[in-house]
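Trainee: Each chain is listed here by its residues.
Number of protein chains: 2
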Amino acid sequence: MAAFREEKDESFHSQHAPLGAFASFTIGLVDSPGGFGHALRGPARQNVYVGFRAGRKSAWRLLPFFAATKSGEAAFTGEPSSTRPPKAKTLRPRDYRRVLDWASDTWRADRERFGFSLLSPFGETADPVRMGKAEARRAFSPHLNGWIEYDNRRGKSPVQLVFGLGDPDSVFHPLTDSGLALPGFALGTQFAYATAPSKLVEMRQGFDVFAPKYRDFRGLCVLGGESGLIFTVPAGTRRRFPLVLAFFAQGIVTTGHPARYAYTRNFRNLEEVVAHGLDQRKHYETVAEVRDRELAATSLSDDQKFLIAQATHSYLGSTQLLCDDKAPIWVVNEGEYRMMNTFDLTVDHLFFELRWFPWAVQNTLDRFAAHYSYVDQIRLPDGRAVPGGLSFTHDMGVHQAFAPTGHSSYECDHLRGCFSHMTMEQLLNWVLCAACYAIHTHDVAWLRKHRSTLHACAESMRRRDDPDPGKRDGILKHDSLRGGRDGAEITTYDSLDVSLGQARNNLYLAVKTLGAWIVMEKALKLLGLPAEANAAALSADLVAQTLVAKFDHASGTFPAVFEADNQSRIIPAVEGLAYPLFLGLEAVVDRHGRFASLLDLVGRHLKAILRPGICIDAISGAWKMSSTSNNTWWSKIALAQFVVRRLFPESLSAAAKAADRVHARWQRSAACGAFALCDQIRSDTGVPCGSRYYPRGVTSILWMES
Amino acid sequence: MAAFREEKDESFHSQHAPLGAFASFTIGLVDSPGGFGHALRGPARQNVYVGFRAGRKSAWRLLPFFAATKSGEAAFTGEPSSTRPPKAKTLRPRDYRRVLDWASDTWRADRERFGFSLLSPFGETADPVRMGKAEARRAFSPHLNGWIEYDNRRGKSPVQLVFGLGDPDSVFHPLTDSGLALPGFALGTQFAYATAPSKLVEMRQGFDVFAPKYRDFRGLCVLGGESGLIFTVPAGTRRRFPLVLAFFAQGIVTTGHPARYAYTRNFRNLEEVVAHGLDQRKHYETVAEVRDRELAATSLSDDQKFLIAQATHSYLGSTQLLCDDKAPIWVVNEGEYRMMNTFDLTVDHLFFELRWFPWAVQNTLDRFAAHYSYVDQIRLPDGRAVPGGLSFTHDMGVHQAFAPTGHSSYECDHLRGCFSHMTMEQLLNWVLCAACYAIHTHDVAWLRKHRSTLHACAESMRRRDDPDPGKRDGILKHDSLRGGRDGAEITTYDSLDVSLGQARNNLYLAVKTLGAWIVMEKALKLLGLPAEANAAALSADLVAQTLVAKFDHASGTFPAVFEADNQSRIIPAVEGLAYPLFLGLEAVVDRHGRFASLLDLVGRHLKAILRPGICIDAISGAWKMSSTSNNTWWSKIALAQFVVRRLFPESLSAAAKAADRVHARWQRSAACGAFALCDQIRSDTGVPCGSRYYPRGVTSILWMES
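Which chain is which? The protein sequence lines are A and B, in order.
Position 58 of the first sequence, counted from 1, bears residue number 58 in the working numbering, the numbering being contiguous throughout.
Position 400 of the second sequence, counted from 1, bears residue number 400 in the working numbering, the numbering being contiguous throughout.
One or more hints might be untrue.
[Unchecked claim] Which bits of chain B does chain A cover? Going by a derived footprint, with three or more residues having C-beta under 8 Å, they are:
id, segment
1, 211-218
2, 246-254
3, 331-341
4, 372-385
5, 406-414
[Said to hold, decoys possible] Derived DEER-like restraints, expressed as beta-carbon distance ranges:
id, chain 1, residue 1, chain 2, residue 2, range
6, B, Ala-549, A, Lys-89, 37 to 47 Å
7, A, Val-589, B, Ser-81, 37 to 47 Å
8, B, Ala-126, A, Asp-324, 32 to 42 Å
9, B, Arg-355, A, Lys-89, 52 to 62 Å
The set of hints was computed from the structure by calculation and includes no laboratory data.
All C-beta atoms, glycine included, are put in the ideal place defined by N, C-alpha and C.
Go ahead and model the full structure; you've got the sequences and the hints to work with.
Mentor: Below, the structure written as structure tokens:
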């Protein structure tokens, strides 16, 4: 019963989002608005009215997707304006059952007779460069399908259903007014919702969609900020009504490099999207069903399935397929930060994108190589500046503003913590993404085009270890001078303490370097370059050998930083193994193979740290990335869990295994749930401290790897 | 001293707006954000930072255009987010002097050494149909000019100035990143601000523009939600730096009838607007200066001048020049309601538009005639429906959604109050606008094209009096059936009580009918139609004669409604006289002429009601439109004041004359001031109850008629 009650406290937004539209219809958080949003850093602020009532006189019962608002009427009538909730009973979590699945989100209530669902289908998607118009329309239509239903087969009187919206700052108009003969409403040229024509559907608009006082020649009051579709389910029948929610952003949407949404090539306007979405709904419903079945068929726990589903929803909401005059441009926006193609997220989205649309990875890598790369100098211990090598920027811009060539929106100078440069980190990320892309897709032709880049990356990796080959041990020891002489490189873990934040002599980055050399070796072999592949293998061996030597046998762990007697212990020690493991490369898959000694020590490290009070939070039971920081990032935990479960199952204590429950509860609770998927979370409280509305949780798709 | 202190309580937003962009940069309300907004119903929510500091170490002193906000930094660093005011001293109203002029708004502080000004120039503007591209660029550039300055001639150390913005939901980018080599920032493709290149200007962007912690390769942190320009005024110098604020909305912005901004034909994007605005600033500064001098040269009181200036600013913010493939489309949006070309506002904006851009009136009238007219039936006392005649809809749509042909967004059916139909009101409005336009501009050719419309209007006016010519007395007595048998026509005074709200047998509408016949007579004469002109004259005489008979000699006033022993007394009894008076038509200009009896009685009416407790509010001293309602509309008061002062000066008691002070104080105070110009105001408290952010106050331009 305790578990049941806990479930009933759930309150979380999910981003319902088509692929590539950087748009979401966000609902789910109890007693909270949401609705249509484009390019936002969090949920929109529209009231969403979804519910039912038995007969025309009884009270509406609504899902809790709204808050009390001021009526717009008073401004016209000159009366004092008062805040009011709609005249309806709001269903509490105990009154409904919500199932968030991989590509659907369904609410059921009234003994399962009432149902409402929004679909976010996604699947294998061909490269838009090679798509015909019809295929592109299907693949990148900026709409969502959904449905609302009631089983009134045993009812004696008709039941009414509602799907409606209230926007405090805007006014919807009937779709018929913009030339589309469907029951539905649109907000300007941007957002719309509709259903199929039916005698059982009534359009409503007014200051209060549940008590319309004013009706024009067609029964609406189009000044009203609330609109809705009222469906009637006759007694003795069961009806499901389709819903379509559409988004449209016309024209140039980016600066720096002017681009528009790719879908604007296939749809002239919002109304065409609505019509297409309704017309083609069977297709999208089928895709969503296939995805849902796929997740259901895994042996994952319900908590794990939920986490994957919630993460995928937020990822889709951050995706953006643009195009310029020449070609498509793939962007994943970084959740609340809205940085564009943050490279240290690209490397995490990699696994999801390689499964469904590997061209997105290629597109991003090409752009990094062409526009967002640079060559730096590094600092020797004696202070001299010497050539470093090739690397890549942290991101490509922020909030739809492409950054100048060779620069990110994030990296600032003269810093040793957050906002500093991530030269080595992003260098590894290009190598890892490129090798994983080419090996996974067998796209050797693409790899060949980037052969010189790959060589330059290898050289750059080695020089950052030490410009003098004789002094190399495989580990980053020289900071880039790009951030100035008083700067120091950081890692993606920018908001953590030194255990994960400092790049130099960092365990996380060292193992990631190892992973990069392993996949590089494989990539170079694919290119038919045995000498270079062998050199990469030697570099891998060198890192591994050095790492073995860094093991602290007294504690049975690796220190997080090989400097200053660091005492932190970190889970992302295993992160770098994820890539060769994902690719099934024998070097790491075999615990008793080439890297047996290192893998054995990593296993011991994990066993030692996956304990309450070290890297299992003593209060909450959650995994925490570092023993010395209570800021933990769930997407990275999910990535580590993939490695740990597959390679080091012996290290999983009962406490470690039980943690999915905690992680899922966090995301289901209002603190995280207010911003859909949250990544940076306080490990003791489950309260988010950053990375809200965030795409990176799709690392969890690795759990589905068989 | 009392007056002085009162002045220092002033706190009001003003809309700084270019002509036709439906956009404002709104600032002025004390301790309140504002900034760039497009198509909003009220002020935007950006912090605006404007101020100065002596030297680089002392505290900034800022005008109070911002509120404490949460820093965006915490989301990145994982630290708890706290609300903070900027590290600056906020100037209080007593610390600065603000002068809102007709086309400028200037703040001075620090013993007049510091100055900041935003210009909203406007002037005689040719018909866009006949404009060349260069002229159109000048006339409709969606930008504002401004400046910031400091007189440091006696200073011993440099003074710094700031103009900056903070947006809680968005991130600006440096203009250089979107290809414009000017110091400045832009928000997407929509809003930008810039200054001229100078060694004395520094660009700033970060989480706190006053204490930037992070700097990239060019000294900015482009993730930060705050940006600004820092100007240095060297010791011993006086410097004024130009500012340009630009707006841009690309693509189709309306539905129903898809249209784009006319300026998009002359500017490709935001950056072109910024460059133009800076380049051509002398032109715009000159226009603004001419306007300011023009207002200053009048013999109006300071309060009257302020009211005209504030009203004009809000009017400009509601104007929108669109175009479709064929022609320009003029729209004035109705303030917070955003109804498009509300006809009962068009007739009020008439005087302003005829002065500066009469083609706007013509454009609107053409569109009403072509798309937003209808022919109705009217209800006889015995319930029979008989043909009524031609009339026009209340408006053309709402919130950029054009309504279906023949319908407004406002009018609903089966009502007897607010939201009912305004058939007679809008019929008179077309006649008044058309006649005033043609007579004022001598555009007889246009009038000739609408000859049949004019005839139909005349016929419709007469039939609404009575379909039987023998029963006519000149006054509306038959409600349109367009709102149903249970509906009744209302007037523009929709939120007032029956004294002004009911159309049938209404004094206000009767005098307006008289005014319409008088100007129609003149128009028909211009058309060379003496018989029709004579018939119009007879209709005018008939209304006047009936009105004379309605006078209540006991009270020395006209009842507001000629029904049910109505006891209300109203100021808008004189409104209908404004049009012939504006045109200088002898019929009304001469108190001893053709309508001497009626004018004499109107004078007595005014004298009787312009007294405290009747139509002067006993508490506040303001003019109130109706003795039985405390909802008063300042724009309509201004219109009535024009008539009263010109035609009935003997009725102006000392209390009536003193009221401008009250009306100005309302608009200068925070209750109204929070929404720039407010129109519907509680006459006892000065608190607005509707019509915020409102364009209609430009009726006050009539005060400038010599």
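Trainee: Please flag the earlier hints that this structure goes against, numbers listed from lowest up.
Mentor: The structure breaks hints 4, 6; every other hint is satisfied.
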